[in-house]
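**Student:** In case you want the letters, here they are:
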Amino acid sequence: RKEVEQDPGPFNVPEGATVAFNCTYSNSASQSFFWYRQDCRKEPKLLMSVYSSGNEDGRFTAQLNRASQYISLLIRDSKLSDSATYLCVVIPGNTPLVFGKGTRLSVIA
Amino acid sequence: GAVVSQHPSWVICKSGTSVKIECRSLDFQATTMFWYRQFPKQSLMLMATSNEGSKATYEQGVEKDKFLINHASLTLSTLTVTSAHPEDSSFYICSARVPQGIYEQYFGPGTRLTVT
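Here the protein sequences come in this chain order: B and D. Numbered per our numbering, the first sequence spans residues 1 to 109. Numbered per our numbering, the second sequence spans residues 1001 to 1116.
Bound conformation, chain B alone (with noise of 0.2 Å):
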């Protein structure tokens, strides 16, 4: 099992959508969790950090699983501007980031 999944997408959304990714993550003492954004030949962006008790940023909005070992993030009222690649970011320790390998949203006007 690879150590962080997602599905690739692409998510094709109407503007105003809500949407949601899932990411799973193979080492149970993984310790952070983070979600990044990623725009066609640009650098990763922290969106968000994921905390066990979930939180939430304006339209976005992320949970921790510990239990099933997953982390998702759901965007509301979808925006053209949130088109890009989103990371799902696992840190088992105090070891560098493991990515997933993003899953690609589209939202069409």
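Fair warning: there could be bad hints in the mix.
Claimed, not checked - Subject to a maximum C-alpha distance of 25 Å in a straight line, what follows is the list of computed BS3-like cross-link-like pairs (lysine-lysine): (1) B:LYS42 - B:LYS101; (2) B:LYS101 - D:LYS1014; (3) D:LYS1055 - D:LYS1014; (4) D:LYS1041 - B:LYS45; (5) D:LYS1041 - B:LYS79.
Said to hold, decoys possible - If you want a taste of the chain D side facing chain B, the calculated C-beta under 7 Å gives, among others: (6) PHE1028; (7) THR1049; (8) GLY1053; (9) GLN1105; (10) PHE1107.
Hints were generated in silico from the structure; no laboratory data involved. Quick reminder that beta carbons are idealized off the backbone N, C-alpha and C, glycines included.
Got chain B sorted already, so can you dock chain D onto it with the hints?
**Tutor:** Just chain D, lined up with the frame of chain B:
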């Protein structure tokens, strides 16, 4: 979030030459920085972990004599691609880890290397 700069943002060089890329953490001290490479439509691949004051740790399959890493200070790490070949053409991205809390990492804007 924290700011990481990278220079140059793009470079074109001839086969056989060496290219140095700088990565700086601008508003925090980073004892650990990371170097990644990304080919078109591929995911980020970790090349090496750069530790201030000690030797870098290279991932399997990455030639340490070809990709020289120097982490000379708490805010600067450099990657030198020696004797570059066309297959080294890629997008090189550094990141720096915030040294406390939940170890968030911030990325530099990347360097697009083209070897002709």
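**Student:** Each hint needs a verdict: does it hold in this structure or not?
**Tutor:** Right, here's what the structure says about each hint:
1. B:LYS42 - B:LYS101: holds, 15 Å
2. B:LYS101 - D:LYS1014: Roughly 31 Å between the alpha carbons, so the hint for LYS101 (chain B) and LYS1014 (chain D) is violated.
3. D:LYS1055 - D:LYS1014: violated, 28 Å
4. D:LYS1041 - B:LYS45: holds, 17 Å
5. D:LYS1041 - B:LYS79: holds, 23 Å
6. PHE1028: Hint violated; PHE1028 (chain D) Cβ to chain B Cβ min 14 Å, cut 7 Å.
7. THR1049: Check passed: Cβ of THR1049 (chain D) comes within 6 Å of chain B, closer than 7 Å.
8. GLY1053: Violated, about 17 Å.
9. GLN1105: holds, 6 Å
10. PHE1107: holds, 4 Å
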